[in-house]
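Protein chains: 2
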Amino acid sequence: CGRKKVLIVYAHQEPKSLNGSLKTAAVKELTKQGCSVTVSDLYGMQFEPRATRKDITGDLHNPEQFNYGVESWEAYKNGRLSEDLIEEQRKVEEADLVIFQFPLYWFSMPAIMKGWLDRVFVQGFAHNFPQCYESGLLKNKLALLSFTTGGDQGMYSDDGVSGNIRYLLWPMQHGIMHFCGLSILAPHICFAPEYAPEEERAQMLTSWVERLKTIWEEEPIDCTPEWYYK
Amino acid sequence: CGRKKVLIVYAHQEPKSLNGSLKTAAVKELTKQGCSVTVSDLYGMQFEPRATRKDITGDLHNPEQFNYGVESWEAYKNGRLSEDLIEEQRKVEEADLVIFQFPLYWFSMPAIMKGWLDRVFVQGFAHNFPQCYESGLLKNKLALLSFTTGGDQGMYSDDGVSGNIRYLLWPMQHGIMHFCGLSILAPHICFAPEYAPEEERAQMLTSWVERLKTIWEEEPIDCTPEWYYK
Ligand SMILES: Cc1cc2nc3c(=O)[nH]c(=O)nc-3n(C[C@H](O)[C@H](O)[C@H](O)COP(=O)(O)OP(=O)(O)OC[C@H]3O[C@@H](n4cnc5c(N)ncnc54)[C@H](O)[C@@H]3O)c2cc1C
Ligand SMILES: Cc1cc2nc3c(=O)[nH]c(=O)nc-3n(C[C@H](O)[C@H](O)[C@H](O)COP(=O)(O)OP(=O)(O)OC[C@H]3O[C@@H](n4cnc5c(N)ncnc54)[C@H](O)[C@@H]3O)c2cc1C
Ligand SMILES: [Zn+2]
Ligand SMILES: [Zn+2]
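So the protein lines, in turn, are chains A and B. For the first sequence, position 63 (counting from the first letter as 1) is numbered 71 according to the numbering used here, and the numbering increases by one without interruption. For the second sequence, position 49 (counting from the first letter as 1) is numbered 57 according to the numbering used here, and the numbering increases by one without interruption.
Keep in mind the hints are simulated off the structure, nothing from the lab. Treat each hint with caution, since some may be false.
Note that identical chains are pooled: a pair holds if it fits in a single copy or bridges any two copies.
To be verified - With a straight-line Cα cutoff of 25 Å, these simulated SDA-like cross-link-like pairs (lysine to any residue) come out: (1) Lys221 <-> Asp67; (2) Lys99 <-> Cys140; (3) Lys13 <-> Glu142; (4) Lys221 <-> Glu102; (5) Lys13 <-> Ser165; (6) Lys85 <-> Glu22.
Make the full structure from the sequences, and use the hints.
In structure tokens, the structure reads:
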């Protein structure tokens, strides 16, 4: 692993859940490899998902009319973002790889994790037009979405009611990660663990750990519309 | 309008924003038509976006291992969801049309609105497998996404860096609205108001009000992969 640093942004209420087990297994395997691993346990931290005036310490750039994007950008430049945001940005800055571990909620991430992105990936820190996509400010880092679903793989196939699973990856992988310059490793998806027999769930854990053993040799996906829609 | 009921779920921190103006213009126009209009002003209500144990009043179905989906479903059936959720569900139940008014945050809705959906569209209330898609529990209602962007229309075109805007509508319109049986009216998108001259912004308001005048005559979109990806 060569002293690589990994940040796991984790959103599940229950340590005994499959998401909890996947997170713990990743910490264990990556630590064993010699990586340094940090976890942001969002529910555990009671992380604030709402983007509000409280994210800016002190005076506003324009107190007459609150514009969150402008104010958080200005606050970033002046070191006046709230402490919780500065702390999360520090973790991102240090990381070589950011793993997002979550149960799929409404074809996307749970609100608490969406709020982490809304608030932490501030302009000036993660992007700064025209510094986006290939020149996004988080370039040279990797991102990986690791999530579980309720629907099974058939529902998320080309002919399934929920469409190819890649369709729902677009906003998260292209719109957020790629926009900020992150290179994207293939998503890791555990389909319908609640309806799987125990052995299959155990296998899900094993496969994830197996994959992590060679994660540093993986090539990022080609995050273009072709990858998503062929 | 014939006594139709409209719920506007609104997520902006600043009443003087373009989103605030679009919301106010909709309330005015629809009220003028004789509709009854309710607004859920999420930041104003300090709406809780995190899906946690607090959403269930009293004992849990399984206190040993917390499963949010199971617990909220059980709580719904037993009338034991928290008051704020019961109140929002009441508003949805009464509505013929639900308008979501928001600034695009990371190719999606702001976390506070995502949390409204994570917590309000509970199993048993909005869907109940196999009662989903055409037989979702909110069928006979309409949904409409009305949002503003930072990127311009060129960026969100087939050849633009951010891809066709329809790509990012899939999780919200198909994965949430269609899944719950809602019929979907074409989205209403105001591109890049922050960079538009005053007259153009005024025109954005006018167009929205004009559209609302005949909103009850509109046909829903055909919410299939073809609509999104041709
Ligand atoms: C608001 C909301 C929205 C949702 N939207 C969607 C959606 O859009 N699409 C969709 O497909 N699904 C959706 N779901 C379903 C959701 O994605 C699944 O419920 C979730 O992904 C299951 O993962 P979990 O970790 O919570 O499962 P859990 O129920 O915690 O885990 C499954 C089982 O694995 C067991 N387990 C834990 N650790 C281990 C281990 N080490 N070895 C073996 N077994 C273990 C647990 O004990 C449990 O029995 C939604 C759910 C909610 C609440
Ligand atoms: C966390 C975050 C993530 C984002 N992610 C994305 C993304 O993924 N993609 C993307 O495209 N953009 C993104 N943006 C940009 C965001 O979508 C825009 O900033 C937002 O949509 C602009 O709308 P607003 O209502 O906030 O604008 P405002 O700045 O409030 O409004 C624009 C102007 O309109 C004026 N105005 C208000 N009312 C009227 C009126 N009645 N007549 C005329 N003028 C009026 C206001 O005074 C203001 O000058 C993101 C922003 C943030 C903060
Ligand atoms: Zn991409
Ligand atoms: Zn659909």
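Right, here's what the structure says about each hint:
In this assembly of identical chains, the alpha carbons of Lys221 and Asp67 never lie at most 25 Å apart, being 48 Å within a copy and 42 Å across copies at closest. In this assembly of identical chains, Lys99 and Cys140 lie within 25 Å of each other by CA distance solely inside one copy; the values are 20 Å within and 40 Å between copies. In the homo-oligomer, the alpha carbons of Lys13 and Glu142 lie at most 25 Å apart inside one protomer (22 Å), although the nearest pairing across protomers, at 46 Å, exceeds that limit. With identical chains, the CA atoms of Lys221 and Glu102 are at most 25 Å apart within one copy only, with a shortest distance of 21 Å there and 53 Å across copies.
Taking identical chains as interchangeable, the C-alpha atoms of Lys13 and Ser165 are never at most 25 Å apart, the minima being 34 Å within one chain and 37 Å between chains. Taking the shortest Cα distances, Lys85 and Glu22 sit within 25 Å of each other only across copies (22 Å), while inside one copy they are farther apart (37 Å).
Checked against the numbered hints above, the structure breaks hints 1 and 5 and satisfies the rest.
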